[in-house]
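Novice: Assemble the whole structure, with the sequences as input and the hints as a guide.
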Amino acid sequence: MSKTVTDFERPVMELEKKIEEMRKYADNLDIAEEITKLENKVNQLRESIFANLTRWQRVQLARHPERPYTLDFVQHMLSDFVELHGDRQFGDDKAIVGGFGTLGKETVMLIGQQKGRDTKSNVYRNFGMMNPEGYRKALRLMRMAEKFQKPIITLLDTPGAYPGIEAEERGQAEAIARNLFEMSHLTVPIVVVIIGEGASGGALGMGVGDRILMFENAWYSVIAPESCSSILWRSWDYKEQAAEALKLTAPDLVEQGIVDRVVPEPPGGAHRSHEQAARILKEILLEELGELKKIKPEKLVKLRIEKFSKMGAWKD
Amino acid sequence: MAWFRRSKQNIQSEGRKETPDGLWTKCGGCGEIIHRKQLEQNLYTCPKCSFHFRIGSKEYFRILLDDGSFSEMDKKMQSTDPLNFVDTKKYSDRIKETIKKTGLNDAVRTGTGKVNKISVVVACMDFAFIGGSMGSVVGEKIARAIDKSLKTRYPMIIISSSGGARMMEAALSLMQLAKTSAKLAQLSDARIPFLSLLTDPTTGGVTASYAMLGDLNIAEPGALIGFAGPRVIRQTIGKDLPKGFQRSEFLLEKGFVDMVVHRKDMKETVARMLALLAN
Ligand SMILES: [Zn+2]
Chain A
1 MSKTVTDFER PVMELEKKIE EMRKYADNLD IAEEITKLEN KVNQLRESIF ANLTRWQRVQ
61 LARHPERPYT LDFVQHMLSD FVELHGDRQF GDDKAIVGGF GTLGKETVML IGQQKGRDTK
121 SNVYRNFGMM NPEGYRKALR LMRMAEKFQK PIITLLDTPG AYPGIEAEER GQAEAIARNL
181 FEMSHLTVPI VVVIIGEGAS GGALGMGVGD RILMFENAWY SVIAPESCSS ILWRSWDYKE
241 QAAEALKLTA PDLVEQGIVD RVVPEPPGGA HRSHEQAARI LKEILLEELG ELKKIKPEKL
301 VKLRIEKFSK MGAWKD
Chain B
1 MAWFRRSKQN IQSEGRKETP DGLWTKCGGC GEIIHRKQLE QNLYTCPKCS FHFRIGSKEY
61 FRILLDDGSF SEMDKKMQST DPLNFVDTKK YSDRIKETIK KTGLNDAVRT GTGKVNKISV
121 VVACMDFAFI GGSMGSVVGE KIARAIDKSL KTRYPMIIIS SSGGARMMEA ALSLMQLAKT
181 SAKLAQLSDA RIPFLSLLTD PTTGGVTASY AMLGDLNIAE PGALIGFAGP RVIRQTIGKD
241 LPKGFQRSEF LLEKGFVDMV VHRKDMKETV ARMLALLAN
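Order-wise, the sequence lines are chains A and B.
Per our numbering: the first sequence = residues 1 to 316.
Per our numbering: the second sequence = residues 1 to 279.
Please keep in mind that the hints were generated in silico from the structure rather than gathered at the bench.
Any given hint might turn out to be false.
To be verified - Here are the computed distance ranges between Cβ atoms for each label pair:
{"no.": "1", "chain 1": "B", "residue 1": "D147", "chain 2": "A", "residue 2": "N122", "range": "43 to 53 Å"}
{"no.": "2", "chain 1": "B", "residue 1": "G244", "chain 2": "A", "residue 2": "E106", "range": "48 to 58 Å"}
{"no.": "3", "chain 1": "A", "residue 1": "K315", "chain 2": "B", "residue 2": "K89", "range": "52 to 62 Å"}
{"no.": "4", "chain 1": "A", "residue 1": "V254", "chain 2": "B", "residue 2": "T236", "range": "26 to 36 Å"}
{"no.": "5", "chain 1": "B", "residue 1": "K96", "chain 2": "A", "residue 2": "K105", "range": "56 to 66 Å"}
{"no.": "6", "chain 1": "A", "residue 1": "V254", "chain 2": "B", "residue 2": "I99", "range": "29 to 39 Å"}
Built from N, CA and C at the ideal position, the CB exists for glycine as well.
Specialist: What follows is the structure, encoded as structure tokens:
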């Protein structure tokens, strides 16, 4: 059972705890019946809570400390994975993990932003905030995937690109821009999945692809709700309103023509079962890659550029 | 991408306050009081310290392009407020007011023109329009300008001045980074030159897309150019930033711009480069 509980999950968690306790004494039939009743109740309650999540609540789920991260998907989705390191220019950014692995029967290049689970690992992973060498590491791996004609899967989960002095000195903006440019015309299929937090250019820097998938409780926008609140409302207190205004959930992004497909999460959110979340994603990835494989490289690039060219809303 | 505060801060800190009669302007670099006529003749740079004043597309087109050569594209394009965005104010009202105040329809103007008789497609951002922020209109106008460049094979020039992506179009603004970069990839594959001119300030999503993707990146002196704004970095690291950090000369030193060129020499430099690439 989950250790960290958000406010809106609490009623469900309390019932679940009660059921678990009752199970300990479940040798007589009366209680067994009672347990079934409670289980139905808990399922109904969970469903009704999760059917009516506010956008801010989804942001909280996307940041849930027990949410599956890139390496959890690697573990549960790929039958083989060899991690590769470094950008060959400066260093190895630990906020991003990448390498060849086997998905189903095929070799894929999987690259994902990686957060840590505790203070120590979060410092090691820089809280999932990439530096320029991280984007350049991703680009090196993607170019290698193109060379060997392997499809690319990128998993996005970052609170943003790292805003530091060294990051600027080494060209954070150039590194992100270069990836957008190069990913646009790579000749192998690219599937992008927003698994948690898709914060701004830091996420998009690995987010150009033929299919954009997004987990049900992930968020993706130009800015985090808190920062948006601080800038537009000049106070940190309007994060709920900012989340609403930004329309940053998966269903929102489908409506905006940015996301192609929502990846459903296990009941109660992906943090309740990494294994199930990975199984769902794996099936969808196999299906999407199967479709993309049928498209010739030049056509693939043309369609990808057209896809992004259509994004936006304006009047002439 | 915090154009809002930054733009306010800059207005104050650079002290470009005009005198009541509007004829005299104080230099943001050295404090010199300069007459409007003289400033204009000097292409909006300080005759004493070379400080480059922030100017709009109207002024920049006049500086860069041959007289009467500019022909504007997509002049009427406007935002539709696709998300019905409301913060302390409705975005749709903000747009209306800004259009009225600036006489511009959004934060970029595009078209064709000539630089010393060389035909080009050109785009110039206007910082006066919601901090030069990039939303759908900026992205679409730039994408169409690149299409024009692909069709005519005229070189592409973009003059940037922006606080980043526009928050009120949220993810749609973010996607304009990918959209413009994807179009530039097409342009590059077609071997058509792209010159990126960076002026003060160029930060956030614009730097993280087309502004950094020039075959040549050319910056005006002293321009603020970066990904994260100085305020955000200062907050993150809890330290003061080194002098000259994120300025044009710093980017030249770090290898992210090819040259820093005074506004007075910009037209000649652009023409020379285009001639070299064409011959
Ligand atoms: Zn001066």
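Novice: If a hint holds in the structure, say so; if it doesn't, say that too.
Specialist: Status of the hints after comparison with the structure:
no.	hint	verdict
1	B/D147 - A/N122: 43 to 53 Å	holds (44 Å)
2	B/G244 - A/E106: 48 to 58 Å	holds (50 Å)
3	A/K315 - B/K89: 52 to 62 Å	violated (21 Å)
4	A/V254 - B/T236: 26 to 36 Å	holds (33 Å)
5	B/K96 - A/K105: 56 to 66 Å	holds (57 Å)
6	A/V254 - B/I99: 29 to 39 Å	holds (31 Å)
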